[in-house]
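Q: Residues per chain, in single letters:
There are 2 protein chains.
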Amino acid sequence: MAARVGDEVSNKQVIFRDYVTGHPKESDMYLTTGTIKLKVPQGSDAVLVKNICLSCDPLMQFFMRKAVGLTGYDRYTPGRPIFGYGVAKVLDSGNPKFKAGDLVWGTTGWEEYSLITKTESLIKIQHTDLPLSYYTGILGMPGMTAYAGFYEVGAPKKGEYVFVSAASGAVGQILGQFAKLEGCYVVGSAGSREKVDLLKNKLGFDDAFNYKEEHDLNAALKRCFPEGIDVYFEHVGGEMLDAVLLNMRHFGRIAVCGMISQYNLDEPQGIKNLMHIGFKWVHMQGYTHRNYYHLYPKFLDTVLPFIREKKIVYVEDVVEGLENAPAALVGLFSGRNFGKQVVAVARENDI
Amino acid sequence: MAARVGDEVSNKQVIFRDYVTGHPKESDMYLTTGTIKLKVPQGSDAVLVKNICLSCDPLMQFFMRKAVGLTGYDRYTPGRPIFGYGVAKVLDSGNPKFKAGDLVWGTTGWEEYSLITKTESLIKIQHTDLPLSYYTGILGMPGMTAYAGFYEVGAPKKGEYVFVSAASGAVGQILGQFAKLEGCYVVGSAGSREKVDLLKNKLGFDDAFNYKEEHDLNAALKRCFPEGIDVYFEHVGGEMLDAVLLNMRHFGRIAVCGMISQYNLDEPQGIKNLMHIGFKWVHMQGYTHRNYYHLYPKFLDTVLPFIREKKIVYVEDVVEGLENAPAALVGLFSGRNFGKQVVAVARENDI
Numbered sequence: 001m002a003a004r005v006g007d008e009v010s011n012k013q014v015i016f017r018d019y020v021t022g023h024p025k026e027s028d029m030y031l032t033t034g035t036i037k038l039k040v041p042q043g044s045d046a047v048l049v050k051n052i053c054l055s056c057d058p059l060m061q062f063f064m065r066k067a068v069g070l071t072g073y074d075r076y077t078p079g080r081p082i083f084g085y086g087v088a089k090v091l092d093s094g095n096p097k098f099k100a101g102d103l104v105w106g107t108t109g110w111e112e113y114s115l116i117t118k119t120e121s122l123i124k125i126q127h128t129d130l131p132l133s134y135y136t137g138i139l140g141m142p143g144m145t146a147y148a149g150f151y152e153v154g155a156p157k158k159g160e161y162v163f164v165s166a167a168s169g170a171v172g173q174i175l176g177q178f179a180k181l182e183g184c185y186v187v188g189s190a191g192s193r194e195k196v197d198l199l200k201n202k203l204g205f206d207d208a209f210n211y212k213e214e215h216d217l218n219a220a221l222k223r224c225f226p227e228g229i230d231v232y233f234e235h236v237g238g239e240m241l242d243a244v245l246l247n248m249r250h251f252g253r254i255a256v257c258g259m260i261s262q263y264n265l266d267e268p269q270g271i272k273n274l275m276h277i278g279f280k281w282v283h284m285q286g287y288t289h290r291n292y293y294h295l296y297p298k299f300l301d302t303v304l305p306f307i308r309e310k311k312i313v314y315v316e317d318v319v320e321g322l323e324n325a326p327a328a329l330v331g332l333f334s335g336r337n338f339g340k341q342v343v344a345v346a347r348e349n350d351i
Numbered sequence: 001m002a003a004r005v006g007d008e009v010s011n012k013q014v015i016f017r018d019y020v021t022g023h024p025k026e027s028d029m030y031l032t033t034g035t036i037k038l039k040v041p042q043g044s045d046a047v048l049v050k051n052i053c054l055s056c057d058p059l060m061q062f063f064m065r066k067a068v069g070l071t072g073y074d075r076y077t078p079g080r081p082i083f084g085y086g087v088a089k090v091l092d093s094g095n096p097k098f099k100a101g102d103l104v105w106g107t108t109g110w111e112e113y114s115l116i117t118k119t120e121s122l123i124k125i126q127h128t129d130l131p132l133s134y135y136t137g138i139l140g141m142p143g144m145t146a147y148a149g150f151y152e153v154g155a156p157k158k159g160e161y162v163f164v165s166a167a168s169g170a171v172g173q174i175l176g177q178f179a180k181l182e183g184c185y186v187v188g189s190a191g192s193r194e195k196v197d198l199l200k201n202k203l204g205f206d207d208a209f210n211y212k213e214e215h216d217l218n219a220a221l222k223r224c225f226p227e228g229i230d231v232y233f234e235h236v237g238g239e240m241l242d243a244v245l246l247n248m249r250h251f252g253r254i255a256v257c258g259m260i261s262q263y264n265l266d267e268p269q270g271i272k273n274l275m276h277i278g279f280k281w282v283h284m285q286g287y288t289h290r291n292y293y294h295l296y297p298k299f300l301d302t303v304l305p306f307i308r309e310k311k312i313v314y315v316e317d318v319v320e321g322l323e324n325a326p327a328a329l330v331g332l333f334s335g336r337n338f339g340k341q342v343v344a345v346a347r348e349n350d351i
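Residue numbers (the numbering used here), protein chains in the order written: chain Z, 1 to 351; chain C, 1 to 351.
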């Protein structure tokens, strides 16, 4: 039976153990069960939510570190739950922007129920004809990241040659489909034959390759792009970036969303071909979806029809149960996920 | 007595010996003396010029290599003269855009007299109240490079923190002075105490340091930029770029004009901190003056008054005589020059 407002209920949580160096491991998190009162404290403008699904994002491992680098974000607190993007249902609200029954997406805790005091990131879900999990993916942060990266940063034009790394991932698969819709020639890289098949046969990429099977990434790119690359959507860094730089065309653009291959190395790999930025007048730009929140309504206007008309498909890797969330998060860094990695916390009939 | 049109005269030349790998050496060039008839061949639209001064530019060593990388430029031909930017006087012309007596700047040969068949790069000099050598520097390619880099690429705003590497060089010294005129806080790096003195005491930089005396470039930048760097004008690459990336501010810009520390290495140094492009939403852009030729009149409108009103000073390192040109060019790569390196070919009273 569904819990009701005012009840004191058990609350399973994924707790952050302590700050890490290098690769996050499952043992850096542990499960515990506490209790929570399903009511917002008197006078608070927080919201109390039941979490429906949670998002596993590469960025999250930075919150596990003390090392500087990524700035302007909160870090995890040892002994407290992991947090990240998720979809939730409001059970009780002290905040006039939300009321009980609303569905929202934004930053929530890795637990069954969360009292969200920082409500700035929460956005009310208006369109429920699509899977709610999409608001951790194509309709949430990754979707906005792809939208801003494509239309605001890389901005490929019809006929241009576009390369997407980590192309079957949460952001990459959307970028590739945007590029096809805009008339570009699009190639993606991924880390398994199954992902390459997905790119070519389901997501409509013109070509794709498994970077793990290529012993010479420069040669692979020359094979896929005999004329060179106009726009590269960068998600991996390291050797791939070095090979891409050799293959950029004049006035090329590199939209830097992330460099997942580098995050967990003791020391990042050195990039040797940066002189090509100067040789070919290349524009390389880091960006975050956070700078483009004002475009969210415009983004929905673009993306919702694409999804409804099946011009864009979206592939998710949904893991059931909070207890499987740590493994799902850690799996991102070895490419274990197949599409956007989501953790389903509540069963559909509990929502 | 000055040579006259139609005369056959001796012509001292600096000849390119053969393609090089690594550092160019003086022995990669040799002097010879040929003859030349001071007349444009019948029916040709070439111009025949007496060279007045020649420019030593880092870019030139790429023309000495067969290796790919820099594309879209002619390379030197073994057994033929070196070419590069210079100032010359037209002695004879088959081209309606130029007439005998005109002063021009553009691509010419490293020789006393040149028959210039590719006249596209030549620009007629209209303002002769300034030293003609300035057309190899502040009024020529380096000046346009600085102008485009400053106003079109990096575009620092008043109060922003600006860092210029190779700051006493042909381009750096102009960039630093533009930045001061626009109300920025400007720090430069250079390779000797004398150059640092020049930056602080003559060129008006707010601060400067000798990178050769700093064993920790990151610490040097943190000392000079406790708030971080908004705009970096990149001329050196390597360790300096790695240190700069650690110190960039959010939304920072890196205008990549060149990476002279890397050009002559067997293998470029690996840059490890590129993740900061993504972390801080940094915009890194390669550019060349060649994309901004249409701005030359606007550039002169800006720069000529600055020079005449002594708001900008320009430091040149003038070597006398074509026989000293190879050493001057090679010296660029060890930082031997003090300011813009020019070779004076003709004495003033010969012009």
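Bear in mind the hints are in silico, worked out from the structure with no lab data behind them.
Do not rely on the hints blindly, as some may be mistaken.
Copies of the same chain are indistinguishable here, so a pair counts whether it falls within one copy or spans any two.
[Claimed, not checked] Distance condition first, Cα-Cα at most 35 angstroms in a straight line; then the derived DSBU-like pairs of lysine-lysine:
(1) K157 <-> K298
(2) K222 <-> K50
(3) K222 <-> K272
(4) K200 <-> K12
(5) K89 <-> K272
(6) K272 <-> K25
(7) K12 <-> K158
(8) K212 <-> K39
(9) K310 <-> K37
(10) K66 <-> K311
(11) K272 <-> K310
(12) K212 <-> K37
(13) K157 <-> K66
(14) K118 <-> K25
(15) K99 <-> K200
Q: Which holds for K99 with K200 at a C-alpha limit of 35 angstroms: within a copy, between copies, both or neither?
A: neither (44 angstroms within a copy, 62 angstroms between copies)
Q: Given a CA cutoff of 35 angstroms, do K12 and K158 count as a within-copy pair, a between-copy pair, both, or neither?
A: Intra 49 angstroms, inter 53 angstroms, cutoff 35 angstroms: neither.
Q: Tell me, please, which holds for K66 and K311 at an alpha-carbon limit of 35 angstroms: within, between, both or neither?
A: neither (42 angstroms within a copy, 47 angstroms between copies)
Q: Taking 35 angstroms as the upper bound on the Cα-Cα distance, should K222 and K272 be classified as within, between, both, or neither?
A: both (18 angstroms within a copy, 25 angstroms between copies)
Q: State whether the alpha carbon distance between K200 and K12 is at most 35 angstroms within one copy, between copies, both, or neither.
A: neither (40 angstroms within a copy, 62 angstroms between copies)
Q: Given a CA cutoff of 35 angstroms, do K89 and K272 count as a within-copy pair, a between-copy pair, both, or neither?
A: neither (48 angstroms within a copy, 43 angstroms between copies)
Q: Can you tell me if K157 and K298 fall within 35 angstroms by alpha carbon in one copy, between copies, both or neither?
A: The answer is both: 20 angstroms in one copy and 30 angstroms across copies each meet 35 angstroms.
Q: Using 35 angstroms as the alpha-carbon threshold, which applies to K310 and K37: within, between, both, or neither?
A: neither (42 angstroms within a copy, 74 angstroms between copies)
Q: How do K157 and K66 come out at 35 angstroms by Cα distance, when the copy is not named: within, between, both, or neither?
A: Between copies, since 33 angstroms is at most 35 angstroms while 41 angstroms is not.
Q: With 35 angstroms as the alpha-carbon cut-off, assign the pair K212 and K39 to within, between, both or neither.
A: neither (50 angstroms within a copy, 63 angstroms between copies)
Q: How would you classify K272 and K310 at a CA-CA limit of 35 angstroms: within, between, both, or neither?
A: So K272 and K310 fail the 35 angstroms test inside a copy (41 angstroms) and across (41 angstroms) alike.
Q: Checking K222 and K50: alpha-carbon separation at most 35 angstroms within a copy, between copies, both or neither?
A: neither (50 angstroms within a copy, 46 angstroms between copies)
This entry does not satisfy hints 2, 4, 5, 7, 8, 9, 10, 11, 12 and 15, going by the numbered hints stated previously.
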